[in-house]
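Visitor: Sequence:
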Amino acid sequence: MFGSLRKKKADVAVLSDMVTKQRRYDSLVRALHTDIFRYAFWLCGDKHVAEDITQETFLRAWRSLDSLKDDKAAKAWLITILRRENARRFERKQFDYSDVEQDLLEDVYSSSNEDETEQYWLRRQIGKLDIEYREPLLLQLIGGFSGDEIADMLELNRNTVMTRLFRARNQLKEALEAPEVRGQSNG
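According to the UniProt record's numbering, the sequence shown is numbered sequentially starting from 1.
In short, the hints are calculated from the structure, not lab data. Be a bit skeptical, because a hint or two may be false.
Claimed, not checked - Taking lysine-lysine and the DSSO-like style, the derived pairs with C-alpha atoms no more than 27 Å apart in a straight line are:
| # | residue 1 | residue 2 |
| --- | --- | --- |
| 1 | LYS128 | LYS72 |
| 2 | LYS72 | LYS9 |
| 3 | LYS8 | LYS21 |
| 4 | LYS9 | LYS69 |
| 5 | LYS128 | LYS173 |
| 6 | LYS47 | LYS128 |
| 7 | LYS9 | LYS21 |
| 8 | LYS75 | LYS128 |
| 9 | LYS21 | LYS72 |
What the hints assert, rightly or not - Per label pair, the in silico range of CB-to-CB distance:
| # | residue 1 | residue 2 | range |
| --- | --- | --- | --- |
| 10 | ASP26 | THR163 | 35 to 45 Å |
| 11 | SER16 | VAL49 | 50 to 60 Å |
| 12 | ASN157 | ALA73 | 12 to 22 Å |
| 13 | LYS47 | VAL12 | 25 to 35 Å |
| 14 | ASP130 | GLU177 | 32 to 42 Å |
| 15 | CYS44 | TRP121 | 46 to 56 Å |
| 16 | ARG124 | VAL12 | 36 to 46 Å |
| 17 | GLU177 | HIS33 | 35 to 45 Å |
| 18 | ASP130 | ASP52 | 18 to 28 Å |
If you're wondering where the values come from, they're calculated on a predicted model, not measured in any experiment. Ideal Cβ positions, reconstructed from N, Cα and C, are used throughout, including at glycine.
Turn these sequences into a full structure, and let the hints steer you where they fit.
Guide: Written out as structure tokens, the structure reads:
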């Protein structure tokens with residue numbers, strides 16, 4: 001009799017833990033899915049790939065949800081998972097490189113709208129930054145993370161992160177001030 005009572009209590013406890021985990025996970029997805037997808041899209045530039053990476057990120061988050069001790073750190077935790085998942089993408093796939101210069105390809109996505117042109121230009125300039133500058137900048141702009149949080153995610157010293165953010169902004173500023181941008185020609 002006591003054995004079956006203990007088993008029922010254990011079954012109820014397991015079910016309660018599962019329901020709690022599911023609720024926590026659902027809250028996490030609802031609260032952060034948009035931010036995680038936005039960051040994934042910035043990393044890869046392709047909506048479908050970003051959707052896949054985001055889905056894999058949340059799948060891995062479900063599997064290791066018990067390792068998230070502080071819900072306030074959930075966004076940084078998910079961004080870290082996302083970055084690793086994006087890196088795995090390159091480990092698995094060998095890319096075929098074309099002889100065509102990327103700058104010579106026609107842009108079929110941008111419209112002539114001035115705002116979209118500026119956004120395209122800015123995205124392109126950010127994309128030209130070295131990864132060491134681009135990644136902290138995107139974490140700050142897209143993720144809204146502080147220098148300390150970025151340092152933790154990238155496993156860098158805070159001063160290093162702040163220097164990289166400063167240099168990234170300066171490189172973007174220099175690109176904006178370049179004669180070609182202002183409509184002047186070099187020749």
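Visitor: Within 32 to 42 Å or not, the Cβ separation of ASP130 and GLU177?
Guide: Violated - the Cβ-Cβ distance for ASP130 and GLU177, about 19 Å, lies outside 32 to 42 Å.
Visitor: Are LYS21 and LYS72 close enough, with their CA atoms no more than 27 Å apart?
Guide: Holds, at roughly 16 Å.
Visitor: LYS9 and LYS21: Cα distance at most 27 Å?
Guide: Holds, at roughly 18 Å.
Visitor: Determine whether the Cβ-Cβ distance between ASN157 and ALA73 falls within the hinted range of 12 to 22 Å.
Guide: For ASN157 and ALA73 the Cβ distance comes to about 19 Å; the hint holds.
Visitor: Take the C-alpha atoms of LYS8 and LYS21, compute the straight-line distance between them, and say whether it is at most 27 Å.
Guide: Distance of about 20 Å is within 27 Å: holds.
Visitor: LYS47 and LYS128: Cα distance at most 27 Å?
Guide: This hinted pair holds, its Cα atoms lying about 19 Å apart.
Visitor: If you draw a straight line from the CA of LYS72 to the CA of LYS9, is it 27 Å or shorter?
Guide: 32 Å, violated
Visitor: Is LYS128 within 27 Å of LYS173, Cα to Cα?
Guide: 13 Å, holds
Visitor: Are the Cα positions of LYS9 and LYS69 separated by 27 Å at most?
Guide: Holds, at about 26 Å.
Visitor: Would you check the hint for LYS128 and LYS72, treating anything up to 27 Å between C-alpha atoms as holding?
Guide: Violated: LYS128 and LYS72 sit about 32 Å apart, past 27 Å.
Visitor: Holds or violated: 35 to 45 Å for the Cβ distance of ASP26 and THR163?
Guide: The hint (35 to 45 Å, Cβ to Cβ) holds, given that ASP26 and THR163 are roughly 39 Å apart.
Visitor: SER16 and VAL49, beta-carbon distance inside 50 to 60 Å?
Guide: About 38 Å separates the Cβ atoms of SER16 and VAL49, which means 50 to 60 Å is violated.
In the structure shown, a violation is registered for the earlier hints numbered 1, 2, 11, 13, 14, 15 and 16, in ascending order.
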